Amino acid sequence: MKRNSADRQRGSVLVIALLTIAILTLLCATSLYITSQGASATNQTTNWEQSLAGAEAAVDNAMNALNTNSWSGWYTVTSSSLPTAQPSPGGTPNATSKPGSGAYNYYSSSFSLQGEASNIINWWVTVDDGSVAPTPSASPGLVNGGQQAYRIRATAVVDAPGPVRVSNNKLDNDLRKVSLRFDRTLGGAVSTPQVTRRIEVVATAIAQNGSGKGLTLATGISMSGGGFVDSFNSNNGNSAWSVVYRDTSYPQVVGIVNNTWNSDLRNTYIYGGLTYSGTTVKNATNVEGGIQTPYPFPNPSPAATPPSGAAWTVYNGGGSNPPNAGTFTAGPATSPAYIKVNGDLTVSSSGQPLHIHQANGTQSNNVIYIWVTGKLTTSGSGYISQDTTVKATWYVGGDITFSGGSYLNGNPGGSANSNPPYSPPGYAGNLTIYGLGSTSNKFTDSGSALFTGVVDAPNYGMTISGSGDYTGAIIGNTLTLSGSGSFHYDESLGSGGANGAMFTFSRWFEDNSDPSRGVIY
Amino acid sequence: MKTTGRAKTVLGFTLVELMMSIGCGSLVLAAVLDVGVCLQRTLAAVESYSVSEGDQLRIQDYIAMDCRRAIRDNSISGLPNDGVTTDGYTPVVDTGSWVGGAWVHNSSKPVTLILSVPNYYDSNGNAQAPQYSSGSIVYGSAGGTTPISYYQSGNSLMRQVGTSSTQCTSGQVWINCAKAIAINVYNFSVTPPSQASINADTVSYSITFSPIFTTKAYSSSNPGVQGTTVFANTFLRNPDARRTMNNSY
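Chains as they are written, first to last, in the working numbering: chain A, 1 to 521; chain B, 1 to 249.
Since the hints were made in silico from the structure, they are not lab data. Take the hints with a grain of salt, since some may be wrong.
[Said to hold, decoys possible] With beta-carbon atoms standing in for the labels, derived distance ranges:
hint, chain 1, residue 1, chain 2, residue 2, range
1, B, 126, A, 361, 51 to 61 Å
2, B, 14, A, 23, 29 to 39 Å
3, A, 264, B, 173, 46 to 56 Å
4, B, 173, A, 439, 55 to 65 Å
Quick caveat, the model's predicted, so the values are computed rather than measured. The beta carbon of each residue, even a glycine, is placed where N, CA and C say it ideally should be.
If we strip away everything but chain B, and leave its shape as in the complex, we get (with noise of 0.2 Å):
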């Protein structure tokens, strides 16, 4: 039968041809599969970046925030002796928990970092006004402190409202429970490390972040692999939270 000179270009690839074009085809595929995939992982890696910086920035805001408002307070029981107190006051660092609305020390918890800021609002969350009391500065006749921690939980770094240590639920009200306020760190750390009151002008702290971005999770036996850590150092603005001074304001 004779063939037209068509059907013999299109029937025409010797083997030779078609296993080259396989292969060319096949290394093309392979590129964009490639190209492909990294375009991913640079996504997922700026994402990352992306996230521990906000991580990073949400963090020292937190802190920094209730650091500038924080005043002295010795109205929390069971926080440490420093040797120079021999009542506890805060800012302070301590290992420990709080059991039953009282700060308990045990070395086999976690460090952390005790606030008080005045109770600025009422019950009703209104904002109350300032006044005087025995000389010092109190907000509403009441007055009143409300302490906030900060301490590490498995990989979350907590800030705590009030002195209940239970999680805070769905749509509550951020008093008397517990946020995490981060969720990828490795090590929470505050300078005096534990069982002090901040004997400074300045509460330093650092956090070091577990690393997203890779194969391997950072570990003391794997230290190759570290995420970023974080320092900090936050000025303590009221002038009785400072124990340089000796107002009492």
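Here chain A stands alone, though its shape is the one from the complex (with noise of 0.2 Å):
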């Protein structure tokens, strides 16, 4: 039988109508590919950058319990090493401090999530002193200047929800790694990919109240005669500098923004680092903790201003007596006093001694704020001497002068029948003495006694030519070193002294290897 035509135009279509479909399918099939690669790798990308804020916030939490000294939901593991996995410790939250030797305190915690990509970021944090593996060399560890700093270990998880398989942009495979089915941090296999971000920091203590170095002057140094500069550490069991240990590791005894006074150390000893800027300082050979130059830093911060809106007792200044009967009482921390002299203070040998009386027999709880806004000065054998427990801060308009019998905060050199009594030093942290004027102005200390506490006074020349000691902290413009005594640098000034330490990142490090793949850095 014989076809007509119309037959086979039917049958081509048929044909083209199935190619044309399959071939609009491939295209289909190929954009929905293509365009679901580009959605898998925007969601890896969510996960990388979702478990950096996880591991982050870990930090943020481990730092906020160092700084507080709080540790309310941590437990503290006694252990040789860090974990690489997760831990799981039993029963309650137990720490109660920051951790000693041989344990570390953990954390974890998690952050639900809504929408696409991952619903949840667990997190978990260690912190230890360096004593668990892996271990610094024995010495000196993770101890500087006394103070111990503390290794912050945090990690953030997050599932990678979508098909098991990398980025479609090979370039992204080198920095996001993605544990598809091999975890990098751990080994071994994974259920479900997931990212994991590792974020390591060593947190040390912080300087408090510009006093991060024992000496920071703007312009100079001069030294000469028999005394010298070195550090110790009262919070390190005796708070005696005369039994101290001698710390000759410690970088930032003497700092000088830019030297245009042409300092001279006249191959006096530092024990203790030098840094500075400017021209050069002559005459370095003994200093014993290396030199480091040029060393930018900024100068110091103006000296803080009395505080407005307190209840000042005023009293006129003058004369050789100290006003009230030689007395000023602190009071409780709650409510100190404030204490204004209009014009000079002076304490002299012809009058009598000015006392800083404790309100009470608690450290930290006597607080006194003096404002002179003259001239201050002990001179002859007039002194000023305040109680180990009282934390008083000066205010000083003119020049402030320490002859004969100087400042005792504290009476270590003091006997049962001396006024004060004999007591310990106190600590330099108990007496900041501010320095209001100009660079006309000066700061001197040629008593015979020990003086011990910090004087800010950015503009002062500074001079130290007695014979007593210096402990503390100073911060001026110049600083003459010119008697037999020397200046001690008290390094708990620089984290908190007594009261603890307040800690800052010291490094940061976020370890993105991956070690099966031989990757680092």
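Using the supplied hints, reconstruct the complex from the two chains, each of which is provided in its own coordinate frame.
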């Protein structure tokens, strides 16, 4: 039978239609595959960023615990090494303080999310003092200048939902190490794809009240005589400088912002480090802790000014006697004493001493602010004595001169009959004197007694010329150290002294390695 | 011969009908073709946008990560004097290149951001413990640093780990060699632009990408078509990398 041409045309239409459908299907499938690859890569990028947020949150949590010494919800785990996988300590959280030797503190938490990508970020963090593996060398380890640093190791894990396949952009895979089938941090298989990021931080104690150095000088230093400069830490068991270990490794004993004063050490000894910029410091052979120059750092901040709004008890200055029969009494921390002396405050041998009394016997609960608008002077056998429980802050508008009996913050050289009676030396952090004057003003310590405190007078020309030693810290414009007395920086000032330390990042390192691929950095 | 009515229907196209049907069919086919081309171009545009976004994120992630973990380092010879320091310190920006393991300034070479990270890993790739050495934190008893450099080479933004600028080969561990981290870069610049240490607490940089989805490449003579420019500013998290810090941590 003969077939007509119309039948053949209908058959061609079917074939063409099938081919067209097939081609369109392939196009759609290809497009879907390509776009789904893009979606997958975007998801993985999102997971990568989410895990960083989790790890940073973990670090922040640890920093908060260190700085507040509040360890609620933390576990202290006795161990010889840091965990590689997330620990699961039993019982209730038991941490009460910073971790000691052979232990770490542990905390974990999570963030819930909504929307695309992962719906939860799990993170955990450990804090240790470097005494668990991997351990630093035995000495000095994580201790510097008597201050303990802490290692924070934070890990965040985020699920990576979606197909188990690498990003279509090969360059992404070098950076964003998604554990699709193999855990890059622990080794072994993973049940579902995930992203793990880890940050390791070293947190060290930081200076407070601008006393991160022993001597912070804007333009220079001149040393001669038999005195020297060294450092110690009054937090280390015994607060008496005379029995100190001499810490020659402390790198920040002396710092000069810009040496324009022809600084000359005359080969006297600095047991610690010297950092400065500007012209060369002369005769620096005996700087035992190393010299770093140029070493740019900013000028000291202006001295703090008297608190505004305080109800000052006002006395008139002048004469050779301190006002109020030579007695200023501190108040409790919740109600400090504010005393203002208009004019000069002089304590001379012809008058009576000035005694800064405690209000109670509790350390850190006796606070007094004293504002002298003119000069502050002790001369001859006159002296100012301060009970060791008192925290005194002075604001002085003019020159500051301590000669003769000086300023006794505690009285380690006294006897039972002394006024004040014998007591251990006070913390340098218990006495701060702010000099509010200009570069024409001076601070002079030429007495024979030990001075223990902080003088923060960034514009002043400073002189230590007596036979008495100085412990604490100095912030000034220039310093002349010419007597037989020495300067001992109290490193505890750089870490909050008796009241505990504040911490900051010293090292921040994100571990982006993939040991199974031999990839580091 | 007598024909059937059906045959008349099949064969009964007039010339006008045929031309009309061909015309309409051509229009429909052209429309379908145009739609198809438009769809493909849309897909390509979306894909290039996605790739571009990925490039931007990747570069920012790399540089930000290395800035966060960078430290101050003067162990590299040949780094520029910025007028504040007599020896060169990282972080630093300079024009030049790595030659024989040392940095050599050359104004005709590309602008390079040089950072240093501490040797957190030992030679076997294992993490080392932090410890103090002369008042500063180092990793492992040997300490040391590894420089990481960013510079443009052709259309690629290179990230170099170590002092060798040879291209990393396939399978090679990314150490002492350079890899492209983006391959569509028109310009890479860092603030300050050259021969200066980073006198700030942050590193600022910008990257201009060549446009992908265009028929005409961007150039100085053709500034009308320009790719995306990304600006970023990353805080140097380690305090001793910051010039305003005075403490040796």
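Problem - Assessment of proposed distance window 51 to 61 Å (beta carbons of residue 126 (chain B), residue 361 (chain A)) - result: 54 Å, holds
Exercise for the section: Determine whether the Cβ-Cβ distance between residue 14 (chain B) and residue 23 (chain A) falls within the hinted range of 29 to 39 Å. Expected result: 33 Å, holds
Problem - Range hint compliance [Cβ, residue 264 (chain A) to residue 173 (chain B), 46 to 56 Å] - result: Holds, since residue 264 (chain A) and residue 173 (chain B) (Cβ atoms, about 52 Å apart) stay within the stated range.
Practice task
Confirm or reject the claim that residue 173 (chain B) and residue 439 (chain A) have a C-beta distance inside 55 to 65 Å.
Solution key: 58 Å, holds
Hint violations for this structure: none, all hints satisfied.
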